[in-house]
Amino acid sequence: MTLPRVRFAPSPTGYLHVGGLRTALYNYLFAKKHGGTFVLRIEDTDQTRLVEGAVKNLIEVLEWAGLTPDESPELNGKGGGAFGPYVQSKRLEIYKRHCEILVKSGNAYHCFSTAEELEEVRKLQQKQGLQPKYNRKWLPESLGGGAPESEIKRRLDAGEPHAIRMKVPDNRIIKVEDIVRGTVEFASETIDDQVLMKSDGFPTYHLANVVDDHLMQITHVIRGEEWLSSTPKHVLLYEFFGAAAEPQDNWAPPLFAHLPLLLNPDRTKLSKRQGDVAVEDYRAKGYSKEALINFVALLGWNEGGGSEQEIFSMDELVEKFSLEHVGKSGAVFNIEKLDWVEQQHIKRSTDAVLAAKIKPMLLDALKNKSAELPVEVITGDLYLEQVAAQMKERVNFISEFITFSSYFFFEPETYEPEAVKKRWTPETNALLTEFGLQLEAVQPFAAAEIEAALKTFAESKGLKPAALVHPLRLSTTGTSFGPSLYHLMEIIGKDACMRRIKRAALRITADAVPS
RNA sequence: GGCCCUAUCGACUAGUGGUUAGGUCACCACCCUUUCAAGGUGGUCGGACGGGUUCGAAUCCCGUUAGGGUCACCA
146 MTLPRVRFAP SPTGYLHVGG LRTALYNYLF AKKHGGTFVL RIEDTDQTRL VEGAVKNLIE
206 VLEWAGLTPD ESPELNGKGG GAFGPYVQSK RLEIYKRHCE ILVKSGNAYH CFSTAEELEE
266 VRKLQQKQGL QPKYNRKWLP ESLGGGAPES EIKRRLDAGE PHAIRMKVPD NRIIKVEDIV
326 RGTVEFASET IDDQVLMKSD GFPTYHLANV VDDHLMQITH VIRGEEWLSS TPKHVLLYEF
386 FGAAAEPQDN WAPPLFAHLP LLLNPDRTKL SKRQGDVAVE DYRAKGYSKE ALINFVALLG
446 WNEGGGSEQE IFSMDELVEK FSLEHVGKSG AVFNIEKLDW VEQQHIKRST DAVLAAKIKP
506 MLLDALKNKS AELPVEVITG DLYLEQVAAQ MKERVNFISE FITFSSYFFF EPETYEPEAV
566 KKRWTPETNA LLTEFGLQLE AVQPFAAAEI EAALKTFAES KGLKPAALVH PLRLSTTGTS
626 FGPSLYHLME IIGKDACMRR IKRAALRITA DAVPS
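So the first sequence is numbered by our numbering: it starts at 146 and just counts up by one.
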């Protein structure tokens, strides 16, 4: 088997839809798994929908996700490939040439109906309960229609604007061989004479995608299910071109794989209205590419063979992916599970990897807030790795290493009122002050030693450790929850601990405490 | 409405004629525990419906229903 060539062919709408991300991912995985090529092609044949900077953004987001194409539009000296250009608006001549072949072979014809005219016909048909379908007004006499050749020639010579439509044959069953769905059949009567070339000289998707897939030697078309019903048109186009081409020019259609759709919680097609659909949105919210890729891969694909693995790296996905295990039914995009996947990826990351991710966020936070500890200490790898080790099982997002554990970097400013109410007694201040003296003497200032000191002290006072532990946590962190108190104290160090205990004693005054 | 696709716990899914229908998220309980998590154990919950075929059906066939996609000079 020759090496597969697949493509992701989005239209540049300005952002990458998560469904698009999954389509791109499956294409990428399939290509990489088989040592093939992953092509990015931009389908920008609709001039009314141009979005500034969309291509650049698309490439940037794909790269962020780790789905860097092997061939893609050239941009800033990057990209390119042997089958370019990869932007359809730059291939207009190619489509024109191919369309002429179709007209010449009698598989396409000129149509002078205006948009308004067509709209009117369509309305009438709907009113009569008929299928909205082109009425073949301009199908020439030579092709069995009613339009005189002379009239067509006259208008053509006069340079009248016109579209070119494909002539769908009558009484045919068109078979689409789909890898995920098996054979799907369509009666040609249900297929409209699709416009191939618009009057503005741009091709429609149908023509462009067939021509490009052939010219770019695409072997597998892996795309969303919304394309399934237009696939018979594409199959027909391959057939037309094949019949008109030289024998060595092989127009056999590629293999198709139509992917199930991604759904909203109410099982309608995943849409903007019901939440975020852009990959950029999730990225901005702090989801990692690893988790997003992992999660999205599972929406419609499973390893099969009774595997119960849920967490996959990109390498594992490449190794294990197969089109045969892609499901047929739509999948709800469930954010709760995404969150869990994100958390799993954080938990499984090494402290060093986590530290590297925390650092830029911390540096950012440091711009608006001054640290209590020396900046060079808290931004150091060692320090951040310790924070990561303590917090990685308690956060759902990397950003929470800053927000949920700011006390590793910044002095607590407030103290959870609920916790103060619950844990602070009139004796607490005196108790903490006294314990502070013991703490001064702890050497080294490490978790085990701190714990021992605390327990000894508590025992000497006839108290449970908890009577000390909770107020201590509160005064050193301002919160009632978090990692091991002793470890946390070790990390922020004796000086900061002592300072914070004293400050808390001043701030949480006895009269603020219910007696 | 026509055409096409789909149908296993609330969600993602395993399963390809014989299983006590398995796993994960979420939920509940318990354990662990200074807190919060994480983790562990257990639990609640499922083959849309109706007909066939078969000794036997979640699995094969037909129908119904429901959901989705598509019917543009959009992709």
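Bear in mind the hints are in silico, worked out from the structure with no lab data behind them.
Please note that a few of the clues may not be correct.
[To be verified] In silico SDA-like cross-links for lysine to any residue, where the CA-CA straight-line distance does not exceed 25 Å:
{"no.": "1", "residue 1": "K278", "residue 2": "D337"}
{"no.": "2", "residue 1": "K278", "residue 2": "K235"}
{"no.": "3", "residue 1": "K282", "residue 2": "G229"}
{"no.": "4", "residue 1": "K414", "residue 2": "K639"}
{"no.": "5", "residue 1": "K241", "residue 2": "K178"}
{"no.": "6", "residue 1": "K465", "residue 2": "G181"}
{"no.": "7", "residue 1": "K606", "residue 2": "E579"}
{"no.": "8", "residue 1": "K249", "residue 2": "L237"}
{"no.": "9", "residue 1": "K537", "residue 2": "E579"}
{"no.": "10", "residue 1": "K278", "residue 2": "E238"}
{"no.": "11", "residue 1": "K298", "residue 2": "K320"}
{"no.": "12", "residue 1": "K492", "residue 2": "S544"}
{"no.": "13", "residue 1": "K178", "residue 2": "K414"}
{"no.": "14", "residue 1": "K414", "residue 2": "H351"}
[Said to hold, decoys possible] Taking CB as the label site, the calculated pair distances span:
{"no.": "15", "residue 1": "S474", "residue 2": "E219", "range": "16 to 24 Å"}
{"no.": "16", "residue 1": "K567", "residue 2": "E197", "range": "17 to 25 Å"}
{"no.": "17", "residue 1": "L400", "residue 2": "E197", "range": "56 to 64 Å"}
{"no.": "18", "residue 1": "V498", "residue 2": "D345", "range": "21 to 29 Å"}
{"no.": "19", "residue 1": "E521", "residue 2": "W372", "range": "30 to 38 Å"}
{"no.": "20", "residue 1": "G431", "residue 2": "E558", "range": "21 to 29 Å"}
{"no.": "21", "residue 1": "A597", "residue 2": "V498", "range": "52 to 60 Å"}
Keep in mind that this is a model prediction, so the values were computed, not measured.
All C-beta atoms, glycine included, are put in the ideal place defined by N, C-alpha and C.
Given pair status - E579, K537, alpha carbons within 25 Å:
With a Cα-Cα distance of about 33 Å, the restraint between K537 and E579 is violated, given a limit of 25 Å.
Range first: 21 to 29 Å. Now tell me if the beta carbons of G431 and E558 are that far apart.
holds, 24 Å
Does K298 pair with K320 here, judged by a C-alpha cut-off of 25 Å?
At roughly 35 Å apart (the allowed maximum being 25 Å), K320 and K298 break the hint.
Are K249 and L237 close enough, with their CA atoms no more than 25 Å apart?
Given pair K249, L237 holds - Cα atoms ~18 Å apart, limit 25 Å.
C-beta pair E521, W372: status relative to the range 30 to 38 Å that was hinted
Given range 30 to 38 Å: violated, Cβ gap about 56 Å.
Taking the Cβ atom of L400 and the Cβ atom of E197, is their distance within the range 56 to 64 Å?
violated, 36 Å
Assuming the hint says 17 to 25 Å, is it satisfied by the Cβ distance from K567 to E197 or not?
The hinted range 17 to 25 Å is violated for K567 and E197, with Cβ atoms some 55 Å apart.
Holds or violated: K606 to E579, with C-alpha atoms at most 25 Å apart
Measuring from Cα to Cα gives roughly 11 Å; hence the hint holds.
A range of 16 to 24 Å was offered for this pair. Does it hold for the Cβ distance of S474 and E219?
Check failed, 39 Å falls outside 16 to 24 Å.
Pair hint outcome, K278 versus D337 [Cα-Cα no greater than 25 Å]:
holds, 6 Å
Satisfaction of hint between S544 and K492, Cα-Cα up to 25 Å
holds, 14 Å
Are V498 and D345 spaced within 21 to 29 Å by their CB atoms?
At roughly 51 Å between Cβ atoms, D345 and V498 fall outside 21 to 29 Å, so the hint is violated.
When the structure is compared with the earlier hints, violations turn up for hints 2, 3, 4, 5, 9, 10, 11, 13, 15, 16, 17, 18, 19 and 21 and for no others.
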